[in-house]
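Numbering (this note's numbering), first residue to last: 25 to 222.
Watch out, some of these pointers could steer you wrong.
As the list claims (entries may be wrong) - Here are the in silico distance ranges between beta carbons for each label pair: (1) Val172 to Arg137: 37 to 45 Å; (2) Phe101 to Ser176: 33 to 41 Å; (3) Ala138 to Gly117: 21 to 29 Å; (4) Asp131 to Gly82: 36 to 44 Å; (5) Asp131 to Pro75: 24 to 32 Å; (6) Ala138 to Ala44: 32 to 40 Å; (7) Pro187 to Ala35: 25 to 33 Å; (8) Ala189 to Met105: 33 to 41 Å; (9) Pro75 to Arg29: 40 to 48 Å; (10) Asn58 to Gly117: 14 to 22 Å.
Everything labelled a hint here was simulated from the structure, so no lab data went into it.
Please read these numbers as outputs of a predicted model, since none were measured by experiment.
For each residue, glycine too, the CB sits at the ideal point set by N, CA and C.
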Amino acid sequence: MSAGRAAPLPAGFYRRDALALAPALLNKVLVKGNVSGRIVEVEAYGGADDPASHAFGGRTARNSTMFGRAGLLYVYFTYGMHHCANVVCGDEGEGTAVLLRALTPLDGLDEMRARRLAARSDRELCAGPGRLCQALGIDRLLDGADLVPGSSGVAVVDDGTPPPAQPGTSGRVGITAAADRPWRFFVPGAPGLSRRSP
DNA sequence: ACCGGGATGTTCT
DNA sequence: GAACATCCCGGTG
């Protein structure tokens with residue numbers, strides 16, 4: 025890791041609701057193989073009454089990971105060509121998760137560039153939920169992967185950078201239902217935030 | 001810079 | 001058949 029030592033997250037880190045986990049996840053580092061990036065933009069989904077959540081209509085084959093144990097990666101495929109990655113949180117069976125929307129690239133930039141031929145600059149490599157999955161090579165094969173380092177090839181670690189004291193917030197991007205809820209969180213001014221901002 | 005449309009396939013009605 | 005937690009490219013100003 026470029027900055028400081030990578031430490032696993034404390035046990036129980038993910039066992040809280042998405043609205044609480046989302047800002048806490050900012051500035052943690054997502055690692056896959058030799059590639060990593062700092063989490064700088066996320067959105068909370070789920071809970072009892074979130075009509076924008078995949079879990080809203082109940083458990084199906086597609087969203088079943090979202091109802092699983094906290095600390096798993098929920099990956100789904102959308103728009104016929106993009107993957108999106110979420111961190112499952114809360115209690116098992118609850119169906120709540122945090123969508124990873126953007127990373128600041130840290131390591132493995134050459135590998136990211138090779139996978140993201142359309143990116144016109146390094147800031148664009150992981151600037152969006154579909155883009156970051158492409159940059160890291162995350163697809164449905166990783167749906168249900170455990171995010172504890174060493175267990176699955178993909179992990180979230182702490183390199184010593186704390187979350188921002190005052191995260192930016194806004195409405196969630198790309199949805200129609202409950203789009204007004206300020207459940208998007210980001211690191212103000214961070215390189216690589218997603219372009220589409222409300 | 002901003003905006004509009006097309007790509008592409010899985011999932012659910 | 002329609003919707004979709006998106007992205008990219010080509011238009012215009």
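Do the hints match the structure? See the list:
Checked against the given bound of 37 to 45 Å, the beta carbons of Val172 and Arg137, roughly 29 Å apart, lie outside it. The given range of 33 to 41 Å is broken by Phe101 and Ser176, whose C-beta atoms sit roughly 19 Å from each other. Checked against the hint of 21 to 29 Å, the C-beta distance between Ala138 and Gly117 comes to roughly 40 Å, which is inconsistent with it. For Asp131 and Gly82, the Cβ-Cβ distance of about 39 Å falls inside the hinted range of 36 to 44 Å, so the restraint holds.
Restraint check, Asp131 to Pro75: a C-beta distance of roughly 38 Å breaks the suggested window 24 to 32 Å. Under the hint 32 to 40 Å, the C-beta atoms of Ala138 and Ala44, about 37 Å apart, fit the expected range. Look at Pro187 against Ala35: about 19 Å separates their beta carbons, and that is not inside 25 to 33 Å. Hint check: Ala189 to Met105, Cβ distance near 38 Å, so the stated range 33 to 41 Å holds.
For the pair Pro75 and Arg29, the supplied restraint of 40 to 48 Å holds, since their beta-carbon distance comes to about 42 Å. About 35 Å separates the C-beta atoms of Asn58 and Gly117, a value inconsistent with the hinted range of 14 to 22 Å.
In summary, the structure is inconsistent with hints 1, 2, 3, 5, 7, 10 from the numbered list given earlier, while agreeing with the others.
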